[in-house]
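Going line by line, the protein sequences match chains A and B.
Count the first sequence with full-length UniProt numbering and you get residues 1 to 458, in order.
Count the second sequence with full-length UniProt numbering and you get residues 1 to 458, in order.
Calculated from the structure, these hints are not laboratory results.
For chains that are exact copies, the list does not tell them apart, and a pair is met inside one copy or across any two.
Below are the DSBU-like pairs computed for lysine-lysine, each with C-alpha atoms no more than 30 Å apart in a straight line: (1) K270 <-> K236; (2) K349 <-> K236; (3) K347 <-> K236; (4) K454 <-> K378.
Here's the letter readout for the chains.
Protein chains: 2
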Amino acid sequence: YKTLREWVAVESDSSNVLKRPDLHRMMEMAAQKLRLMGGTVELVDIGEQELPDGQTLALPKVVTAQFGNDSSKHTVCVYGHVDVQPAKLEDGWATDPYNLTDINGNLYGRGASDNKAPVLAWIHAVEAYQALNMLPVNVKFVIEGMEETGSNGLDAMILAQRDTFFSDVDYIIISDCSWLSRRPALTYGTRGNCYFFAEVEGPKQDLHSGVYGGTVIEPMTDLIGILDTLISPSGKILIPGIREAVAPLSDEEWKMYQDIQFDIDSYKNKIGVSQLMYNNKVDLLAHMWRYPTVSIHGIEGAFSDPGTKTVIPAKVTAKFSIRQVPNMDPAMVKKQVTDYLHSVFAKRKSPNTLKVTMVIGAKPWLADTQHPLYEAGKAAVKRVFGMDPDLIREGGTIPIARTFQDVIEKSIIMMPIGGFDDGLHSQNEKMSRYNYIEGTKLFIAYLNEVSLIKKTTV
Amino acid sequence: YKTLREWVAVESDSSNVLKRPDLHRMMEMAAQKLRLMGGTVELVDIGEQELPDGQTLALPKVVTAQFGNDSSKHTVCVYGHVDVQPAKLEDGWATDPYNLTDINGNLYGRGASDNKAPVLAWIHAVEAYQALNMLPVNVKFVIEGMEETGSNGLDAMILAQRDTFFSDVDYIIISDCSWLSRRPALTYGTRGNCYFFAEVEGPKQDLHSGVYGGTVIEPMTDLIGILDTLISPSGKILIPGIREAVAPLSDEEWKMYQDIQFDIDSYKNKIGVSQLMYNNKVDLLAHMWRYPTVSIHGIEGAFSDPGTKTVIPAKVTAKFSIRQVPNMDPAMVKKQVTDYLHSVFAKRKSPNTLKVTMVIGAKPWLADTQHPLYEAGKAAVKRVFGMDPDLIREGGTIPIARTFQDVIEKSIIMMPIGGFDDGLHSQNEKMSRYNYIEGTKLFIAYLNEVSLIKKTTV
Chain A
1 YKTLREWVAV ESDSSNVLKR PDLHRMMEMA AQKLRLMGGT VELVDIGEQE
51 LPDGQTLALP KVVTAQFGND SSKHTVCVYG HVDVQPAKLE DGWATDPYNL
101 TDINGNLYGR GASDNKAPVL AWIHAVEAYQ ALNMLPVNVK FVIEGMEETG
151 SNGLDAMILA QRDTFFSDVD YIIISDCSWL SRRPALTYGT RGNCYFFAEV
201 EGPKQDLHSG VYGGTVIEPM TDLIGILDTL ISPSGKILIP GIREAVAPLS
251 DEEWKMYQDI QFDIDSYKNK IGVSQLMYNN KVDLLAHMWR YPTVSIHGIE
301 GAFSDPGTKT VIPAKVTAKF SIRQVPNMDP AMVKKQVTDY LHSVFAKRKS
351 PNTLKVTMVI GAKPWLADTQ HPLYEAGKAA VKRVFGMDPD LIREGGTIPI
401 ARTFQDVIEK SIIMMPIGGF DDGLHSQNEK MSRYNYIEGT KLFIAYLNEV
451 SLIKKTTV
Chain B
1 YKTLREWVAV ESDSSNVLKR PDLHRMMEMA AQKLRLMGGT VELVDIGEQE
51 LPDGQTLALP KVVTAQFGND SSKHTVCVYG HVDVQPAKLE DGWATDPYNL
101 TDINGNLYGR GASDNKAPVL AWIHAVEAYQ ALNMLPVNVK FVIEGMEETG
151 SNGLDAMILA QRDTFFSDVD YIIISDCSWL SRRPALTYGT RGNCYFFAEV
201 EGPKQDLHSG VYGGTVIEPM TDLIGILDTL ISPSGKILIP GIREAVAPLS
251 DEEWKMYQDI QFDIDSYKNK IGVSQLMYNN KVDLLAHMWR YPTVSIHGIE
301 GAFSDPGTKT VIPAKVTAKF SIRQVPNMDP AMVKKQVTDY LHSVFAKRKS
351 PNTLKVTMVI GAKPWLADTQ HPLYEAGKAA VKRVFGMDPD LIREGGTIPI
401 ARTFQDVIEK SIIMMPIGGF DDGLHSQNEK MSRYNYIEGT KLFIAYLNEV
451 SLIKKTTV
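Work out the full structure, taking the sequences as your base and the hints as a guide.
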């Protein structure tokens, strides 16, 4: 686990502009690892990002690599990312999030499961075949560093290299997701995500709540007021047009969800709640995978430290996101949310100003589970784990799946190796040694199964 | 300003337990300053405070000092505090908040106006009389370090020393407030404050909003929902019983407010808003001084950093406070708020848990403006500034005024020297050199005026 430990030690948080040097270093480390294996490696410059204040910042380069170029073989392209979500010890981690710690067979650290260990498992799979000098397919890698904030710049890079790097790619493989239970799974769909900032600005600076309270229309009160109109206590999205756009649940889907292994009690237990939004399996799976939802993540600019502060914050910015499913369209959602919040805000007759921005707009993705790529996946799971995989969807977002589908027009499979309890994006994220090792074996078996797909079925 | 610079340099933030060593050092510095002037100084141990997690922490000692003990003279007791509100450069300060910076005659720094410079102005006033060897009254000091978080431990100390240190005190003087305009002012009332934590707890740890969103009843949604029921867009407090307890505005008060110098446009301009909650002077002054208000300060535990994070926070704690006026009672308010929030929360039928705690409960205070102490104040203002003072109230809270009134049963005057635009509790707090120097002269003149009060009128 030496390489994984080195990778986790890098605080490659793509959402924090101050950590950008660490992120650049992380990309260089990934490239160097692939170079030492003898791959044809490039660090692709994808330009700059514009920050909300108008400044620009260099994006982390994208790592591409190629192993083998035998045109008689299939070429798979493994996508992964090595950036991570924010994590601080004081958020409630039991161990330093950037010091990989092995406790009872689990490897704890930010990015362990999302997505550094899966990337390394693919690398180890290639190394295993290299040792035997018998790689059954050509393997390419695309490793990015902006996944956690919306894969800024990657779409353009894929488009630009569609007829070069990607021209001979037959299949795309993504392992940036998790199993649903202890049973291995193949993933055939993901939700997209539209992430919004709603900023309410009033006084020119923070005010003493004793001295000014009662005379000022407080931005925080306005913001709370409009946030409270997004979703009902029973989980109903109140923004007009959102629910109307969602494809109805088909009888086939209902039947399929019924058959999936999913234990409500252990799910409740894992989360630590006494009651969920729905109390039957089908409703839960459907609302996890194929219905939209609103989450309010927090408020920037208000008082968020421990203790007390008697302040009227002058400018407060709520962060919330809406998960996207077929047939929602992010451009439409942006308009629906913006119009709705402005209309709700206007009713308050507040002199403060509201600014709504959509900072991430990622589409959902859906694949055909009868495709040979999935049949090969089922065979590989059967070989390594001795059982059939669950066919599942992912509530989270892998925006790039949609881009690969639209731009490269090649088939995609998502093959998770992370456990259902890995704690992605939360405290004490981990990857178990079992999943890491068996996952590497699965990837080895899968490359062999893919090599057996008839060339014509692409 | 050397001493003021040294005092401001100490981050004596009483709300941050990690800054407690700085706060202890600040109290020692104040004591040492008074010792060097020849005062009889004590550092009074006032015990420990209990933290929300059950741990205990030593409170900053209270500094008492005495100059002169001639029983033929009046004895005044000056109260002040040397703790401060939190401040960070990144909150939007133009200068380091802990490095006193002189720009165009203004001294910028956290605590400059609230309350370190006023305390030092009193000290300089005593030094001026000491230089002439003619202190006209005995002067005592009580300087505490917990004012910004509710003067924890001070009430008990005053009660304990009622018949010793405070037994010969005739008048209490407090300068922990500000003028209302460019005209000097005497303050005859303050609002109290009840500060609440409302904590909603759900999952046992933060969750990925993509993976879990839609299945979990999110604590943040619940919290936003109950916060939105505290106050209406037009500033009406919605908690039953609060408005009913407030003393009605008398015709006399209405007349008095009409006569006060208060320019609505310059007030709006100072705050930087186009519209206030009310558009006439009397309503504004009344809602600043003698009506309650609710301010929502922020949320702890949610995502509050720049950037994006797709998290469902597991435990979120809102901080809000309600300003107290006659005839509200903090114990009653605590019950009203707690009952109301629990009833609102119950209607949501959420499996999450709500905990409401009142962490500060400070009563309002009101004085008689015809008392000789105020007549002396008017004379001193007339002598130094050549005009009559405005008689004003303070929207903020100086809880100790109420304690002095209830326990020592001596008359109290509040004599501000801070400017109306000093930015207490907000970014770029300052004390102007003019107010600091003329304020010191005012205190010198006032001590003389007090010495002329007939002994029998106490």
